[in-house]
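Those sequence lines, one after another, are chains A and B. So in the numbering used here, the last spot in the first sequence is 110, and the numbers never skip. So in the numbering used here, the last spot in the second sequence is 223, and the numbers never skip.
Treat the hints with caution; some may be incorrect.
[Said to hold, decoys possible] No farther apart than 25 Å at their CA atoms in a straight line, the calculated lysine to any residue pairs in the SDA-like style are these:
no. : chain 1 : residue 1 : chain 2 : residue 2
1   : B       : K165      : A       : A95
2   : A       : K97       : B       : V222
3   : A       : K97       : B       : V113
4   : A       : K97       : B       : K174
5   : A       : K3        : B       : E169
6   : A       : K97       : B       : Q139
[Stated by the list, open to error] Selected chain A positions facing chain B (in silico; Cβ < 7 Å):
no. : residue
7   : T30
8   : L39
9   : G43
10  : P44
11  : Y46
12  : F100
[To be verified] Pairwise CB distance ranges (calculated):
no. : chain 1 : residue 1 : chain 2 : residue 2 : range
13  : A       : G101      : B       : N180      : 23 to 33 Å
14  : B       : Q139      : A       : L80       : 32 to 42 Å
15  : A       : T52       : B       : K124      : 49 to 59 Å
The set of hints was computed from the structure by calculation and includes no laboratory data. Heads up, the beta-carbon is just placed ideally off N, CA and C, and yes, glycines get one too.
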Amino acid sequence: DAKTTQPNSMESNEEEPVHLPCNHSTISGTDYIHWYRQLPSQGPEYVIHGLTSNVNNRMASLAIAEDRKSSTLILHRATLRDAAVYYCILLIQGAQKLVFGQGTRLTINP
Amino acid sequence: GAVVSQHPSWVICKSGTSVKIECRSLDFQATTMFWYRQFPKQSLMLMATSNEGSKATYEQGVEKDKFLINHASLTLSTLTVTSAHPEDSSFYICSAWRVTEAFFGQGTRLTVV
Numbered sequence: 001d002a003k004t005t006q007p008n009s010m011e012s013n014e015e016e017p018v019h020l021p022c023n024h025s026t027i028s029g030t031d032y033i034h035w036y037r038q039l040p041s042q043g044p045e046y047v048i049h050g051l052t053s054n055v056n057n058r059m060a061s062l063a064i065a066e067d068r069k070s071s072t073l074i075l076h077r078a079t080l081r082d083a084a085v086y087y088c089i090l091l092i093q094g095a096q097k098l099v100f101g102q103g104t105r106l107t108i109n110p
Numbered sequence: 111g112a113v114v115s116q117h118p119s120w121v122i123c124k125s126g127t128s129v130k131i132e133c134r135s136l137d138f139q140a141t142t143m144f145w146y147r148q149f150p151k152q153s154l155m156l157m158a159t160s161n162e163g164s165k166a167t168y169e170q171g172v173e174k175d176k177f178l179i180n181h182a183s184l185t186l187s188t189l190t191v192t193s194a195h196p197e198d199s200s201f202y203i204c205s206a207w208r209v210t211e212a213f214f215g216q217g218t219r220l221t222v223v
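Start from the sequences, fold in the hints, and give me the full structure.
Here it is as structure tokens:
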């Protein structure tokens, strides 16, 4: 499985945008980029996913580099509730086995 | 609301006893479910893939005789930790896919004393 690299931790302030980077230089053409997050003492939850084009949903935006070797999850206006560990995972289309790396622990300051 | 539900949320058991954890998909059918384990301050580790009507597929290093998985219906998978020991104390999480996203249960915190 292609690997992803994320910073161990990031910090931001409430109501400011947050850009969470993910490097995946060995991504293959059939790999989708998935983002999940895990709030303390809870199971992970889906955030967003994409293949080539940038994606937006009610929770976040996903910006994918043209060469697809990196991507950025964007939280447009962080709230305290967004404090979580964010995982960037590559997954072949149709596959379901999510393999979690260490993720990025996001801290939001009031 | 939750679409994948786990029960119980937490359990304390004595060393040597067995514990069963249930994972249900609430409004959809799941022929495949996944079981993860998470130790404090660590990431989720995939333990096994639960397949409805057939044997589970275990990841390397996971003892299938210790972690019994049963997927008897399209909405229920169970994980039984047999002869539990303190080192089995962990946060166990299940997941199931609906269309293009995975839904996770709220997790079960197992403490073996």
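Evaluated hints:
no.	hint	result
1	K165(B) - A95(A)	19 Å, holds
2	K97(A) - V222(B)	28 Å, violated
3	K97(A) - V113(B)	18 Å, holds
4	K97(A) - K174(B)	18 Å, holds
5	K3(A) - E169(B)	18 Å, holds
6	K97(A) - Q139(B)	17 Å, holds
7	T30	15 Å, violated
8	L39	10 Å, violated
9	G43	3 Å, holds
10	P44	5 Å, holds
11	Y46	4 Å, holds
12	F100	4 Å, holds
13	G101(A) - N180(B): 23 to 33 Å	30 Å, holds
14	Q139(B) - L80(A): 32 to 42 Å	36 Å, holds
15	T52(A) - K124(B): 49 to 59 Å	53 Å, holds
The structure is inconsistent with the numbered hints 2, 7, 8, although it conforms to all the rest.
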